[in-house]
Structure formats: C-alpha cells, structure tokens
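First residue of the sequence shown: 1, per this note's numbering; consecutive thereafter.
Be a bit skeptical, because a hint or two may be false.
As the list claims (entries may be wrong) - In silico lysine-lysine, DSS-like type, Cα no more than 25 Å apart, as pairs:
#, residue 1, residue 2
1, K82, K31
2, K168, K82
3, K102, K125
4, K125, K31
5, K168, K31
6, K82, K102
7, K102, K168
8, K82, K125
What the hints assert, rightly or not - Pairwise CB distance ranges (calculated):
#, residue 1, residue 2, range
9, V40, R92, 15 to 25 Å
10, Q126, I188, 17 to 27 Å
11, S58, R92, 24 to 34 Å
12, G183, G119, 25 to 35 Å
FYI, nobody ran anything at the bench for these hints, they're computed from the structure.
Note that the structure is a prediction, hence the values are computed from the model and not measured.
Every residue, glycine too, gets a C-beta built ideally from N, C-alpha and C.
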Amino acid sequence: MKLSSTPLGFDVSQGLFLGLRSGVAIPQLWKTLSEIPGVVSVSNQMTEPLYNNYRSVSVSSSPEGPSRLMAGFNLVSPEYFKTLGIPLLLGRIFTSQEVSSKAEVAVISQPTAQRLWPGQDPIGKQLTIGLNPTRTVLVVGVVGGVVNKIPVDGINANFVYLPLDPAKPSGRFFLRVEGDLGGMQRAI
C-alpha cells in the first residue's frame, strides 16, 4: 500500500522485467528484443529497482575523503535511465563508446551530488568509490533520486551508477513498451 502511494523516481507502468539464466547470448537477445514492434527501449543492469540487493559502497569527493558517505550502486547500460524514466538533471549519461572503452565515468543521484558538493556543479568532479580495488571515476551526469528498496522509506539519498561492462552483461533486462502490456508480454 505504501509502495503504491510513494513516488518512486522512475516509471514502470509500461515496463517489463526479464530475468534470464546464464548461457543466453545476451548481445543477440538484446538486438532481438529491440526489434520487437512496440518495444520502445531496452536496458541491461546488474540489479533491478526495489529488489533490496544493491551493494552499498563508500564514496568520497576525493581519495582523502573529507566528504565520505555510503551509497548504493548499480552497473547499468546507458539506456537504463531512459528505459526507467529516471530524469537526467545535469550533464549527460555515459556513452556506449565510454562503456566499450571501460572509461572511468559515473552518473550519480542528485541527493548524492548535493551531499558531496553542496552548492557546486558536480559535473567533471572526481568521485572515489570504495570497491575492491578502489576506483576513481569522473562524474558526467546527475539524475533524479529513486526508491531502491522495500520497505519504502522514500527516495534513496545516495546512489552511484557505473557502466555495465559489455563483456560481462547481465541476464537482467528492463523493457519499456507501448500499447497493451499483456499483449507485449506474450510477444516478448
């Protein structure tokens, strides 16, 4: 009940999640899904929204970490934000070329930008992420905050999106479709 009355920060009203077992030819499947009439957009991600299994990482505005906080993170394809309807607020989304070249770029949520760089433009700033090994990435975009777990406590304040390595795609897809959702589900 709380979920139905809470703004999520993304739109799944015309969306379908598709989870696949390993061994599927992901690039071919992606192409096939994209070509189905009525499919508007397809994204690939490590974790779907609201599944409670996002990893938390320590992020800071510099390696020395004067501003350090815990943030959820997800590995996503560039289409993720369009497919889920997460609004781009500043900058841009990482490009397919950056993903292919394994560029160290990130998109962060607006609440994360406000906490790390209050009153400043975060685009072009470096962000240190406490992964193993620690990574320093360039912030290229800021998107709206989203609810990312149940029980719903509101929009998550801290989130970082990193490019999903195309050499290690996920079997988790989200599709934005138009038309009858039931008919599209059967077609897919």
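Structure-based check of each hint:
1. Of the supplied pair hints, the one linking K82 and K31 holds, its CA atoms being roughly 17 Å apart against a limit of 25 Å.
2. Taking the CA atoms of K168 and K82, the gap is near 21 Å; set against the 25 Å cutoff, the hint holds.
3. The straight-line distance between the Cα atoms of K102 and K125 is roughly 18 Å, inside the 25 Å bound, and the hint therefore holds.
4. Of the supplied pair hints, the one linking K125 and K31 is violated, its CA atoms being roughly 34 Å apart against a limit of 25 Å.
5. Distance check on the hinted pair: K168 and K31 sit about 16 Å apart at the alpha-carbon level, within 25 Å; holds.
6. Taking the CA atoms of K82 and K102, the gap is near 21 Å; set against the 25 Å cutoff, the hint holds.
7. With a C-alpha separation of about 12 Å, the suggested pair K102 and K168 falls inside the 25 Å cut-off, and the hint holds.
8. Under the criterion of a C-alpha separation no larger than 25 Å, the hint pairing K82 with K125 is consistent with the structure, at around 23 Å.
9. As the Cβ distance of V40 to R92 is approximately 20 Å, the hint placing it in 15 to 25 Å holds.
10. At roughly 40 Å, the beta carbons of Q126 and I188 sit outside the given window of 17 to 27 Å.
11. For S58 paired with R92, a C-beta distance near 26 Å keeps the hint of 24 to 34 Å intact.
12. Range check, G183 to G119: Cβ separation about 49 Å, and the 25 to 35 Å hint is violated.
Of the numbered hints listed earlier, those contradicted by the structure are 4, 10 and 12.
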